[in-house]
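2 protein chains.
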Amino acid sequence: MKLKLYVDHVSQPSRAVLIFCRVNGIDFEEVKVDISKRQHLSPEFAEINPMKKLPAIVDGRFKLFESHAILQYLACAFPGVADHWYPADLFKKAKINSVLDWHHTNLRRGAAPLVLHGALAPALGRPLNPKAAAEAEIILSASLAKIESFWLKGNGRFLVGSSQPSIADLSLVCEIMQLELLDDEVRTRILGPHKKVIKWIDDTRNATQPHFDEMHAILFKVKKKLLKMCSDGGSDQTESSRKSALPSKM
Amino acid sequence: MKLKLYVDHVSQPSRAVLIFCRVNGIDFEEVKVDISKRQHLSPEFAEINPMKKLPAIVDGRFKLFESHAILQYLACAFPGVADHWYPADLFKKAKINSVLDWHHTNLRRGAAPLVLHGALAPALGRPLNPKAAAEAEIILSASLAKIESFWLKGNGRFLVGSSQPSIADLSLVCEIMQLELLDDEVRTRILGPHKKVIKWIDDTRNATQPHFDEMHAILFKVKKKLLKMCSDGGSDQTESSRKSALPSKM
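If you read the sequences in order, they're chains R and B.
If you read the first sequence in numbering that gives the first Met the number 0, its first letter stands for residue 0, the second for the next number, and so on.
If you read the second sequence in numbering that gives the first Met the number 0, its first letter stands for residue 0, the second for the next number, and so on.
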């Protein structure tokens, strides 16, 4: 039975799993769980992931959620995956696990609420929240500074000094890509000071093309809708048309 | 060269690593990094962990931080560790990784700020923050409900249906033990509805004695100080004596 991925391209960890499978030639069936239609909250999806979050996978009789656990599992379960994605070497693997854990309470804790409170909220019928966005931006900027000064230290182009990408590069870069939904000026202000981060995003993109661009295309579509909504002033939109324009949870 | 653990018993992930090493007969040198003296923020400790957080380890020339990554590493690096702590089986390991990832953005995201804003703040010279505490309690209670209904599902006494504890049991139970710092009534109100969680805490404690109680003794000492501070009204205390009574970051 083919591996099933329950995903939505607007979800950054979904994209990381999708790109990983594509790059590594893992055959899968994509099951779209449309966040904008709140399908992730349905009783059907709760059978797959009781936490009602994306992504989730079903591999035969085995169900799994949490994107990092999924990436670790796939890297080990499919023998064709090159070692650099999640090295068998105990020390290299431990460093990658360390980045992945760090990500949860740092980069993600900054980026996700910034995008929500600084860009997406109006599309969900909620006001922008500049205070929450400013707090998130502080966490995000501190996290980007740590990536720049510590995680990208050394001669390698990728995290923890590697010369080839790992599942941690994919996870963190997909998170940062979500900033594409912000106003360009804000995004440039935040990312601009971190030259190594910008180069690393580009290196990760180049190492995973054409899948990287294909999986991220959705962001530019959503942004276009956000800008249109903004220029329309939103006054002539019904609550329902607003909600359908954008995901309710990213 | 002996494994070095950089820890403070008041830090819940430090306790998880300490108990793990003790239970598994891993020989180590304990290096106390006193959070109440802000030693985790010192330039010396930044050489060990540039993120300035506890715990961290040094094993020979290898440095590592993030408690989950440390537990995963130790379970694999020391051949005497029983398999149930972090199973070699791909599926069992994946489920444990999934709980560990989930923990970051659920249980910990509720428990840690609740203890800070609901109990510890005055000892740090900051006011209690009932609004932040109430928000954290909602996240914590939802997380405990998920542990009760999902992670402790099945016949096993431990997480993901296991009959013996894993590193995930240790990590999550040590987090919940931090609630001992709360007012007894508040703690009972929060934990009371979750009978399986209460039994599981007890099972994890029993499976890791006498080390569990030894490593948690600090919490009861800190609580006594908190209560004394409360009954004294804090008015006759200097800022400096307040700060030294309690950890600045847990």
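Mixed in with the good hints there might be a few duds.
Copies of the same chain are indistinguishable here, so a pair counts whether it falls within one copy or spans any two.
With a straight-line cut-off of 27 Å between C-alpha atoms, the simulated DSSO-like cross-links for lysine-lysine are [to be verified]:
1) Lys220 <-> Lys91
2) Lys198 <-> Lys130
3) Lys3 <-> Lys130
4) Lys51 <-> Lys145
5) Lys130 <-> Lys92
6) Lys31 <-> Lys145
7) Lys31 <-> Lys195
8) Lys92 <-> Lys36
9) Lys3 <-> Lys152
10) Lys152 <-> Lys220
11) Lys92 <-> Lys3
12) Lys92 <-> Lys220
13) Lys91 <-> Lys224
For the record, the hints were derived by calculation from the structure and aren't laboratory data.
Fair warning: this is a prediction, and the values are worked out from it, not measured in the lab.
The hints, checked one at a time:
no., hint, in the structure
1, Lys220 <-> Lys91, "neither (37 Å within a copy, 39 Å between copies)"
2, Lys198 <-> Lys130, "neither (30 Å within a copy, 41 Å between copies)"
3, Lys3 <-> Lys130, "neither (40 Å within a copy, 42 Å between copies)"
4, Lys51 <-> Lys145, "between (31 Å within a copy, 12 Å between copies)"
5, Lys130 <-> Lys92, "neither (38 Å within a copy, 40 Å between copies)"
6, Lys31 <-> Lys145, "between (34 Å within a copy, 25 Å between copies)"
7, Lys31 <-> Lys195, "neither (34 Å within a copy, 35 Å between copies)"
8, Lys92 <-> Lys36, "neither (38 Å within a copy, 33 Å between copies)"
9, Lys3 <-> Lys152, "between (36 Å within a copy, 24 Å between copies)"
10, Lys152 <-> Lys220, "neither (34 Å within a copy, 41 Å between copies)"
11, Lys92 <-> Lys3, "both (26 Å within a copy, 20 Å between copies)"
12, Lys92 <-> Lys220, "neither (36 Å within a copy, 38 Å between copies)"
13, Lys91 <-> Lys224, "neither (42 Å within a copy, 43 Å between copies)"
When each numbered hint is compared with the structure, violations occur for hints 1, 2, 3, 5, 7, 8, 10, 12, 13.
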